[in-house]
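Read top to bottom, the protein sequences are chains R and S.
Quick note on numbering that gives the first Met the number 0: the first sequence kicks off at 0 and runs consecutively.
Quick note on numbering that gives the first Met the number 0: the second sequence kicks off at 0 and runs consecutively.
One copy or two, either will do: identical chains are not told apart, so a pair holds if it fits within one copy or between any two.
Result set (SDA-like, lysine to any residue): computed pairs, CA atoms no more than 20 Å apart in a straight line:
1. LYS172 / PHE2
2. LYS165 / PHE2
3. LYS57 / LEU80
4. LYS215 / GLU232
5. LYS215 / ALA202
6. LYS165 / ARG9
For the record, the hints were derived by calculation from the structure and aren't laboratory data.
2 protein chains.
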Amino acid sequence: MEFSYYMPVRVISGADCVLRNANVFDPFGKRALIVTGKSSEKNGALSDVACVMHQLGKTYKVFDGISSNPSAQSVREGAALARSFGADFVVAIGGGSPMDAAKAIAMLARQDAEDIFSHSISEDVLPMIHIPTTAGTGSEVTQYSVLTNDRQKTKMSISAPFLFPKIAFLDGKYMRDLPQSVTVNTAIDAISHAVEGMLSVRANPITDALAKEALKILMGEYASLSSGKYSAESRQNLLVGASVAGMVIAGTGTTPVHGMGYSLTYFRNIPHGRANGLLLPAFLHKCAEKIPAIISNISAALGMGIADFSKKISALLGEKEHFTDTELHDYAHRAAQNRNIHNCAAFFNEKELYNVLQEAIGNHG
Amino acid sequence: MEFSYYMPVRVISGADCVLRNANVFDPFGKRALIVTGKSSEKNGALSDVACVMHQLGKTYKVFDGISSNPSAQSVREGAALARSFGADFVVAIGGGSPMDAAKAIAMLARQDAEDIFSHSISEDVLPMIHIPTTAGTGSEVTQYSVLTNDRQKTKMSISAPFLFPKIAFLDGKYMRDLPQSVTVNTAIDAISHAVEGMLSVRANPITDALAKEALKILMGEYASLSSGKYSAESRQNLLVGASVAGMVIAGTGTTPVHGMGYSLTYFRNIPHGRANGLLLPAFLHKCAEKIPAIISNISAALGMGIADFSKKISALLGEKEHFTDTELHDYAHRAAQNRNIHNCAAFFNEKELYNVLQEAIGNHG
Chain R
0 MEFSYYMPVR VISGADCVLR NANVFDPFGK RALIVTGKSS EKNGALSDVA
50 CVMHQLGKTY KVFDGISSNP SAQSVREGAA LARSFGADFV VAIGGGSPMD
100 AAKAIAMLAR QDAEDIFSHS ISEDVLPMIH IPTTAGTGSE VTQYSVLTND
150 RQKTKMSISA PFLFPKIAFL DGKYMRDLPQ SVTVNTAIDA ISHAVEGMLS
200 VRANPITDAL AKEALKILMG EYASLSSGKY SAESRQNLLV GASVAGMVIA
250 GTGTTPVHGM GYSLTYFRNI PHGRANGLLL PAFLHKCAEK IPAIISNISA
300 ALGMGIADFS KKISALLGEK EHFTDTELHD YAHRAAQNRN IHNCAAFFNE
350 KELYNVLQEA IGNHG
Chain S
0 MEFSYYMPVR VISGADCVLR NANVFDPFGK RALIVTGKSS EKNGALSDVA
50 CVMHQLGKTY KVFDGISSNP SAQSVREGAA LARSFGADFV VAIGGGSPMD
100 AAKAIAMLAR QDAEDIFSHS ISEDVLPMIH IPTTAGTGSE VTQYSVLTND
150 RQKTKMSISA PFLFPKIAFL DGKYMRDLPQ SVTVNTAIDA ISHAVEGMLS
200 VRANPITDAL AKEALKILMG EYASLSSGKY SAESRQNLLV GASVAGMVIA
250 GTGTTPVHGM GYSLTYFRNI PHGRANGLLL PAFLHKCAEK IPAIISNISA
300 ALGMGIADFS KKISALLGEK EHFTDTELHD YAHRAAQNRN IHNCAAFFNE
350 KELYNVLQEA IGNHG
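Same shape as in the complex, but just chain R (with noise of 0.2 Å):
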């Protein structure tokens, strides 16, 4: 029972939280930097904010400069941005990605980091409010910024207590009209999220109860994930569960699983989650062998064997991408430098982690 648990993050969820309170934006201060994607105009995150700030007589700046896998270049712009404007406060809209690079921003805006990654990470961050409006990276809940780092051809994390954010709205109703492809790729990513916590050295009671809970509710919705049919409840159910998620993998991190994704991303440009997707189950099987008491209570958290969950994400994931020996073996290389590899209770070498790239995503033909 040795462990540690931290989760700072205030958690507001239901239909039009954000509307209903605005007074929890008061404190914050009179000026935001709104970080957000292309899409929050259509989804109505944007307008709701924007509505929220009038009311309370705060003024914001927009910055809607974050593409994809965002880089360190594109947060240093966002930082300079609320810096010239004065920002209080950042409030993030969108999905992972900028609602991580607006923690960098956040931090930047305050701090000097010549190498954002090797940077030490003091408390003075300006103070971010989350509103996701996919249901996967969990990134509200979490004081994870994960970036693109181009010098080593991979997507990093950064990490510190002070990027956690002061709240995280959740509703799902930004999510109504989201594809069906990021809503599939995005719900992978959160059950990875629970399933790899579970995995995790640092697995503890909270942690574990919390996984259970996002798996129950996550693989609750699969039938609608299946059918690409959402009800109002199904998208709500579908965030919650991804946020509870998220509070796993803060106390957890991930696992080679992650590490290995982070290169179908990287060089190959498959979304995040659909990366997990492809390599999780994989993983698991050859988890098995190693810590086949964790793998027993993953099962029965999903309600299903692991074969069986297999065939449900691989159903979710539709005709898979082809790869070259070549690429297997280095993808193998490279996730055995990440950190992560140390954080699984069943340790892989790199030879293993070849293995398991050449059953998920090898040439069997």
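For this one, chain R is given, so just place chain S on it according to the hints.
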């Protein structure tokens, strides 16, 4: 899925966690007021904290004037000492009484309050580090301070987000010599917290997940509770289980079980946990008619039906106290005024509360 959730306490669990995490005390300032009961000198907690203080070159004063069910008067004395000493932070060591008192002291050290129970608490509160030496109250992870209100002849809680401790250290070794009666009463309090959280109108997926985990851990130690024999692991389990149950009520609040129990403690000096244990089974029995689905979830989490649970709790409680019918009517009347009457998914009017009391502790002979 309309809910909010906030649990900002950093929980650090494990053997010797205070000594091994001295650095955690560092940012809180140079001068500590240590609030404790009389027994912390014997259980080793005070000497661990003193050791860390010396190591870090901090000074401290010990205020051990806190008795069971502390009054507003005793917290005022503690606050006066905090002011005269110039305390930068508060370290609370003990069971529910010192931990709850420490919160009011940390508040009164910085804010003047004519009537502590109707005072509107601002964020200017000394930061707190809580170290429980009983496994029950969960005060180390809640925003509540339960004090005795002699004017209204009951226990009343003050509550504010600023009353959450910053840190909770969980080390079961401080409970090594805890008497069996205290161990059992506090464990029953924790079980009651988890169950009452599931009964609350504010229950949500996160608090339910935590409640189920707490019940799994706590009921998993039933054999220890029943035999009075505790390994170091059992002690740690009971402590972690009680803290997880505390996280539940931090989100949900309690129900009329606590509302009725306060009278048993105020008028008959029955320990708080025992009071809840005397009332909880009969309350669940009546709830089964009003909210069968929730009771069935609770049964699943307990791993047994309500009838079996009643027998197990009764076995721990031993011979019950006797009450007159006048007492029961008075307690029902008082509980019907308590605000937690509206916090339960099943509403109980005064007559129904009387019926619960009658079934639980009435004179059936």
